[in-house]
Structures are given as C-alpha cells and as structure tokens.
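Q: This is what each chain is made of:
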Amino acid sequence: MMNKTAIIGIGNPLMQDDGIGIILLEKLKNNNSISKKVDLLDGGTGGINLIHDLSKYKIIIFLDAVKMGEKPGETIFFNISEINSKKKDFSFSTHEQDLLKIIKISDKINKNDNEIYVYAIQPKDTSFGQELSEPLKQKLDDIYMRLVEKINMLF
Amino acid sequence: MNKDVKINVHHITRVEGHGNILLDVKKGDIKKIQWQVPEAPRFFEAMLRGRHYDELRPITSRICGICSIGHSLASLKATEDALDIEISEQTNMLRHLAINGENMQSHILHIGYLVAPDLFGVGSVFPLAVSNKDALLEIVKLHRLSNEMSELICGRTTHPIRLEVGGFTMLPTKKQLERLRDRLNENLERTKKVAEIIKKVSNKLPDFKRETEYIGLTNKDEYAFYDGDIASTDTGVLDDYKKYRSYMDEYFVPQSTAKYAKHNRKSYMVGALARFNLNSKQLEPNAKEVADMFGLKPICFNPFMNNIAQLVEFVHNIEDSVKWIDKILDIGLKDEKLKKITPKKGQGVGVIEVPRGILVHDYTIDSKGNCVKANCIIPTNQNHANIQHDMEEFAPKLIDKPEKEIELSLEMLVRAYDPCISCSTHYLDVEFV
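Sequence order for the protein chains is V and Y.
Quick note: the numbering used here has the first sequence finishing at residue 174, numbered continuously throughout.
Quick note: the numbering used here has the second sequence finishing at residue 420, numbered continuously throughout.
Everything labelled a hint here was simulated from the structure, so no lab data went into it.
Do not take every clue at face value.
If you only want the chain Y side, here are some residues facing chain V, beta carbon under 10 Å, derived [what the hints assert, rightly or not]:
id, residue
1, A116
2, K120
3, V127
4, S137
5, T144
6, R149
7, V152
8, T156
9, W311
Every residue, glycine too, gets a C-beta built ideally from N, C-alpha and C.
My request is simple: use the sequences and hints to build the entire structure.
A: Shown next as structure tokens:
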C-alpha cells in the first residue's frame, strides 16, 4: 500500500553538492520510523519523468540543492507557493529540470490537489566530482538532523 | 537578399542542456553559422578509473537521467564482456524490455513535450495544455505507461536498481507481466491516435534534405536496440564490435567543448532516423503502418523526420514488448539467482542503441576487478558535426524569412536531433515572494 506522503531526492551525486538531495534520501532509507510512513523516491536527474509521481501523493517534500543566496550548507524549509523561479520562463528542457515548471505542468495535466514542500540546501560547488564540498560535508549531520526534525513535526 | 541578420540563441530552449546557435548574415551573405556547445566537458571516464567493476553501473547510470537505463545496460555489457560473464536467456529478454521501456519514455517525452509545441505553433508545453489539451492528455497517458514499464522491469522510473552484472536482483511477477502486456495492447490504439494527431500538423516539419551517413546497430533477428553489429548506411556492417573506433572517429573543434565525430563523410547521424534507415524492414506491422502514414521511407535524408522515426519506434517498442512478454511467460519465469563472480583481467565493450543513438562503453579491468581505463561514446556527441553541417545547408534557404522564423527553424533543427547536451546539475535558482 502506497503512503500518502513522498520524500523525493533530486540531483546528481556525480556533481558534488548537486547530489545532496540523494545523499539525504539514502540516509532517510536507514531511518525505520520515517521510511515506514513515507515513500522515499530517488528523482535523480529524471526531470519531467516526475510529473506522474506528483499526482500520486497528498504531501510531497523535495530534497534539493537550491541557489538562494545563503551560506553553503544553510537550509530553508518552505512551501512551494512561497517562491518564484529565477530561471528564464519557457526554458522548458527535460534535463535542465526546473522543478517549479514540472510541478506547474503536472498540476495542469493532473489537477493535483497536494501540498508541496522543499527542504532546500544552499550548495557551494555543483561542478564535477563525487564528494560534497567541504562546508556541506562538515554540516551533513546537522543538515540531516534538521530534516528529520521537520519531518517529525509534519507527521 | 541584401538584408542583415544576427541570431544568437543562447541556451536553446527545449533541448536537454546548453547549446547556442549563432547566425551572422551581412547583406544577404552568411558570414558565420555555428552550432556551439559551450557545456563544460565532463570527465565521467576519469571517474570510473580505480572503481570496482560492480560500482561502474551505478555510477554511469547517473551520467544521464533520461538514458539511465541505456547507460546501465551498456555498462553491464562492457563489464560482462571484460569478465567473460554469460547472461541467461531470461535476463536477455528482460533487458530487451528494459531498453524498450526507456526508449518509449524518452521518445514520447520528446515528441509530446518538446516537439509538439513547435508543430502546434505554441511556445512551450504550457500553452499546449490549454490549446490542445486532449492531444496532450493522450501523450501523457503514453508517457505514464512508459514510466510504469520502466519501473516494473528496472525497479525505478529513472536510475534503475534491479539491473546488475550477470542478471536481475529482482524480477517482476507473472501477474505483473500479464498486466503490463494488457496495458501495452490497450495502448497500441492510443499510439495510432497520437500518430494521427501529429500527422495533421506534420506539415510544419520543414522539407529539408541533406545526404549524410547514418550509423547504428543492426541485427539479423530483430530491429536492433539491445544487441547487434555496428553498421553504416555508407559502408555496411563492421565485422568486430571491438573495432568501434574505426566507425566513430572522435575529435575536438574550437566552437564546442563536447567532442565531434566522423566516419566515411565529414559527419554522420545516429538515433531513431539512423536506426530506421538501417533496419526499417524489421519494424512490427503497426509501426510500419505509422511510417507509411508519414511517407517515411529509407533512406530518408531529412533530419526533421527523426521526430517521426521516434514515433514509429514508439509503436514498434510496444508491439515488440508484447512479443517478449509472451515469450518470457511461455518459457515460464524462473527465479534465477545472481552467480558469484570471480574478477579477472580483461577488456570489454558494450554497444547498445539508446533513444538518441548508438552508445559505447569500453572498460579495461585489472585482475582485482578494478577499472583501469574507460571510454564512453555518447550519441549526442556523434550528432554535433551533423547538426553543424545541416545548419550550413539549411540557413541559406531561410535568410529571406523573418528573423523570428529563421530562429525558430534553426531551433527546430537542433530539437529534431533530441540532443542531450548536459546531464549535469539541476539545482533550483529561486527568489522568495
């Protein structure tokens, strides 16, 4: 039986901090109390392939690196309605993956009635490499604990 | 004919990644026409060096979120080739389903969300959701089916988890396969309906031809995706897949950080149209019908028809998958366990057709099972030179048209190749309201 809530990790672990969403998702998989009550999905870099997942859940939390002008490793938990994308409009490419546009198109097609949150982590370096940048590596436990707190507060 | 035109399309929209089109016309003369790929080069090959053979597939599956199944399969084939691992008939059949699922996913995504807006004359898929909602909904259903199929066979829609060296970690059940077969059969009619919708607007595809070479896999037993021999429409079949470099001569050009490639001519094309041109006789009946509907015949030298070849392949993938499922169920699903592997020294090459064309992974593995050398030849890189030469011939036919139309036509040309230039970072860039 599918849960009503999904946590979806986004990004590419081959591009340093871009993979933080996937790293957090892997950590959550080892957390039994959370993995029992929510579906944990690896969105990776599949872009628009997500549109069908969005219509399946009442609550979705995305874990993603977000450029938001904070210090590397800082996190913000927000509802998707609180933000605007700064990416150029209509630059709709399946791979550039503007999450906000994917959500928008899914809403249009599927008439979704759901709440979408983002646990955003400010990246330092999203260039090629399989490890997190130093500031994110140092703050990883803290970033994870803050996420668990948010999840426990919601459910 | 005396006009000046300056087009500089940065980060062309609706292709996957970054690419620029530059056109400079002075008094009717084309001074410069360039397809530029300024994407930072990615060193995936370097990342594989020193890694144990069982890590190669998970790493390479992250090269591309759209072709993660294809990269996985190329990686497994190369690894198994290097380690002399035989796979079972069942694994072979399930891998055929896996690549069909990915091809369907990618093609319908491209046709429906990226090409259809051009054909319907709207800027993107957003207005399409209003102006042609019914058509879009049909496409969405086909996309959903493709995703479900990939998830059932590979364990996930993207970045598969069930595909492993030597076999599968988990199998679909008999019941699930039967259900999938029913769903595929039910959707065959829908694909024809979508083909009819596209047919009505296909006159928007420019009638442009440039003779070129087409390279892809060919297989006497089937329309090749998972396995076959490397072949060219110019020079025929290559006798040994390990000599792939003799058909894929990669080189660098100043305008692009991605590699270019050539073989018998100054450029060649890979992808759905190349496969169609090489193997159209082996298409399933409904796929052939759709090709006929659009007058698509080999050898077709119109790159814009790659979009139609994708549609034809989508139909073929559905019919072909039904056949594979029937075969698997006839033989009976076996609970095969993964065999223990003893690492050995060797070099292996995996060649496979992925949605955008022929993909090669080539690994050298040492006696401990670690990768010491890797080479990956990506489809889109093989198409860059062909895009450039198409543009050089296409642009002079456009310069009398309004600038916006020239721009759109050149963009449509690039989109027809369905390039995947960047499979890199995907962070959001936001402001709070």
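Q: Broken hints, numbered, in rising order?
A: 6, 7, 8, 9
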